[in-house]
Structure formats: C-alpha cells, structure tokens
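Asks: Sequence:
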Amino acid sequence: MSPEAIRKVNVIGHLNPDTDSICAAISYAYLKNLTDDSGTIYEPRRAGALNRETSFVLRHFGFEDPRLITSVAPQIKDIEITPLQGIHRETSLHVAWNLMRDSQAGTLCITDSEGDLQGLIAVKDIANANMDILDTFALSRARTKYQNVVDTLDGHLIIGDPNAVIKMGKLSIGTTPEMMDGLVAPGDTVLVTNRYESQRFALDSGAGCLIVCCGANVTGVIRNLAEERGCTILTTPHDTFAAARLITMSVPVRAKMLPEEKIEFFSVNTSVDEAQRVMARTQHRVFPVLDEDGSYIGVVSSPNMLNVKKKHVILVDHAEASQTVDGMDEAEIMEIIDHHRIGTIETPGPIFYRSEPVGCTCTIIYEMFEEYGVEIPADIAGIMMSAILSDTLCFRSPTCTASDIEVGRKLAKICGEDPEAYSDAMFDAGADLTGRTADEVFNSDFKIFSRGDANFGVGQASFMTRQSRLAAEELVKPYFPAASKAKELPVIFYMFTDIRSQTTEMLYWGNGAERLLARAFNVTPKDGKAILPGIVSRKKQVIPALMSIIQTNQEEEY
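The numbering of the sequence shown is my numbering, which starts it at 1 and goes up by one.
The hints are simulated quantities; they were obtained by calculation from the structure and are not laboratory data. Glycine is no exception: its CB is placed at the ideal position from the N, C-alpha and C atoms. It is possible that part of the hints are untrue.
Claimed, not checked - Derived DSBU-like pairs: lysine-lysine, alpha-carbon spacing no greater than 30 Å straight-line: (1) LYS145 with LYS77; (2) LYS540 with LYS410; (3) LYS77 with LYS262.
Claimed, not checked - Label-pair distances were calculated between CB atoms; the ranges are: (4) THR524 with ALA402: 29 to 37 Å; (5) ARG67 with GLN554: 36 to 44 Å; (6) ALA378 with PRO478: 55 to 63 Å; (7) ALA402 with ARG466: 57 to 65 Å.
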C-alpha cells in the first residue's frame, strides 16, 4: 500500500505502559504530524492503564490520556462496508421489493429517524408474504396505512385519510351482491369493479374500504354514502386479479421483518476474525454494521472480508513481541523507535528502525526533533523531560548517558521546571498507594521476556522513601501466584528500587526463581527476597544477567 493511501497510523508503546512509553508515543506522533505532508494522521495510543506517575505527568503538562488500544487486528472498519440505505418500518413490502431489485440487494435494514437499527427484511420474507394467499387478515393485522395501499396499487384516494390505518376486517372480492351476501363483514376491505349494485351492497354490509378496480368511476351517490358511513374509497387502474395479488404487498415491512433482538450485527470495532466466526455459524448472508455511536451505517457479507486493510503502527519504547498489543502479526509495522535490546518482533520487509543505547526513548526523539528542525513546545518538552527523568531515575540510573543528561536539562529549560524538585514530586505521585489494588501496582510497570523456551516477567517500582517501598512490597507479594496464573508465567521477579540509596529489593516467585536469582547476582536470597545494592536498571543490569544464566542453563541441559 502506498503512503498516500494510509489514512491513520497508531503510535503505540508497550503493554503496562510506563512514563517513557506514553510520552514517547505522544511526542513522536506530534513530530510525525508536523513533518509528514502526505495527509496521514498519527495518533498516540496507550496499550494499558496509566500508572499514577504517568497520570501526574500528563495532568501537570495539560495532556489528556491517549486512547486505549488493546488490539491492532483488522476490524470491520478496516474492510469495505457496503453503504446500503436503511428504510422506515412503515415502508411497504412492495416498495422494499422494488428497492431490492434496483439495488440488487437481497436484504434491507429497517432504521428509525435517528439511524438506529430496528429490523431486517430479506427477499425470502417478502416471498413468504406474497405466497401466503390465504391470509385475508394480513392488512388489518399489520395495521397497514391506506397510503401504502394507494402506492402499491398505483391508485388514487377518493375518500378517506391516507395516514389512517386498516384496523379491522379481512380482504374480500366483491363480484355480485348474491355472492357477497354473508361474506362481507363490517370493516372489510372489498375489491369491486364498476357495478353500482356491488359497490352499494358492500357499503350496506359495513365495508371499511372499497377498492374500485379497472379505473372505474365512482358515482356521487356512492361517494356521499361512503362519507356518511366513514368508508374509505380508492381507485386503481389494475384489474381485480392483479389488485388482489398486489394488495398484500402494501403491508409494512415491520410486520414481516426480523426484529433487532434477533439480528446478528457487527460494530465497526468488531474484529474481522470474530465476524468471520459469526458468519460461519449462521445462515444469514448479510450483516448490518453499526458505528461507534450505535447507528446503522451499512452492511457486510462474506465477499467484503476478502479485501482487509491492515492497521498501520509505529512502535516506541519496545521491540519485544510479548510486549505488544494483540494482533501485531496482522498489522503493518512502519517504524520502531527504541532504546532496548533488539527483541523478537519480525517484519515481512524492511522498515525504519532506530535504536540507540541511551537511557530513554524520548532522548532519541529529541534528536529527531533537532534533525527535522522542529521547535519543541513547552508542553511536549515537559513530558519528554519527565520520561527521561523517570527512565534514568533523575540521572542516577546506570542506563543514563551523557546524552540523556544533556537532553533532559535542555527540555527542562524549555518547559521551565527544575529537574530535581520536579522528579521528587513525580516519583512521590507514582509511589502513592491510596486506593490502589495489588493488581494495579503489579501491572504499573511489568514486562515479559523470553529466552529459548524460558518465559519470565520482571516488574519494577521506584520509591523515594523506605516507608512507601515497604508498603508496596507488602501489597504486591501475595499477588504473585495470581499474576503467574493470569499471565501464564512460571517465574516472576519484581524490583522494588530505592532511588536515593540506589538499592533494589528483588522479590521473586516460581519454581527455580531463587536459584536463578542467586546465580545471576551472586547473592543469597532469603524469605523470597534478595538485596541488590547498586542494581537499579531492569534493562541494563537485571535482564542481561538473567538472560545469561538462562542461556547457560539451557546449554548445560544439552
């Protein structure tokens, strides 16, 4: 697909997003929107709930939370939706049939004036109604409007209200008074010809409506008598046989439609996979589609599924398949901007990939602003600075480089913040446990890694005070078994890092976790915890050490 055909690109960070993941997505989307003149829209998205640190940063600099995205698998919105116009519930079967014929559609959707889906009518429904020739009460049972009858019979209303409805009676054929005697009852709709005697007898029998066929005239006497008795009269150019065949098609579609509660329909956000599963298990051929507000916009069927447009994405702050949102194998990755190891993501062709050994993705993005010659506004500078302070623990982390420090201080000048004072407030906001659950704290910054057949997860939380760190440990540790089951991970590690003392207390769970930790860091864990002085970086100090021991174990097994 050519770049001109791409309408939107989602800029996404990793699952369980941290401050760098979110701020990198926002700032890089901002840069791309300024520098790409193709008309493509770049939208920052979040791949999970925001932690309190990140929420503090966005509120402080006046940003709304990016919209949540949980999957980039193709959705109904990514295929060609047939824009089939909906019809009103009072539309006659005759009109519906003609619409189907003209549009070559086998199904029509019934909607109200607000565009809400009310039902569905198919060719077979109209055919069944047309074949049910013994249902002489069809018009009254459906409370059919006289205007429907007039339109269906190409008629002309002589006496009566076109918006009135047929409330009672059956459909009768008026031949001669002798044949009508005992057959025509009060309220009946009677088809007659030009014979005065038959018309008069029908009126005397209490007919609710006279349909005069063959375009015959209606005398003044009959008109006056009909007005006195409240009988509707209309004429039709069709003969009695044709009129009798056509008139049941004046019934409104609501009487024969499949009601909304029985309809299989899709939202524009329904995944293509789910839609195909629904199509496979039902006999329906056409499926209505509703927009995000629940209004009907068109239909899809199996042929629509043959041309699916992939979603286009840019990944920031990660290159691990296990850290991406669902459906990434069905999306088209256009770029990756990252500062971690090259992970397990594969692409079918070459893409723009920028990875640098710095402490924060936003440091790289700052360089790209400079390369493009784009001025960084104060609010964007503020969130980029926040990301660098977060990832480098205010320049204390071993992952921090001279570039991070230089860029961080330049951004601080642009946004008017003191890095030390601001980072204290930011970390304090992130450490606040008020009202938080173990699940929320655990997933605030948790990543999954793999080496060969081994899968494990490492989380991290950073604290300015010992009291807040110990409170977080006490909350999270009992949650490890549930987290292991939910994420299908046999081994879990969690770093509780004291920023001021540059020490991490590593909690762990799972078979072999203690031995793995002991070998990786040459420590003796005790009571489910290992004290790791000087260890503050998951990316640079923890993951490489664990990966090395796992690799050694796998080689020893062979």
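Asks: Look at each hint and say if it fits the structure.
Replies: Results for each hint:
Under the criterion of a C-alpha separation no larger than 30 Å, the hint pairing LYS145 with LYS77 is inconsistent with the structure, at around 38 Å. At most 30 Å may separate the alpha-carbon atoms for a hinted pair to count; LYS540 and LYS410 meet this at roughly 25 Å. Our distance criterion of 30 Å between C-alpha atoms is met by LYS77 and LYS262, whose separation comes to about 23 Å. Between THR524 and ALA402, the C-beta spacing of about 36 Å keeps the proposed range 29 to 37 Å intact.
Range check, ARG67 to GLN554: about 41 Å between beta-carbon atoms, so the 36 to 44 Å window is met. As the Cβ distance of ALA378 to PRO478 is approximately 43 Å, the hint placing it in 55 to 63 Å is violated. Our hint of 57 to 65 Å for ALA402 and ARG466 is violated, since their Cβ atoms are close to 31 Å apart.
Checked against the numbered hints listed earlier, the structure breaks hints 1, 6, 7; every other hint is satisfied.
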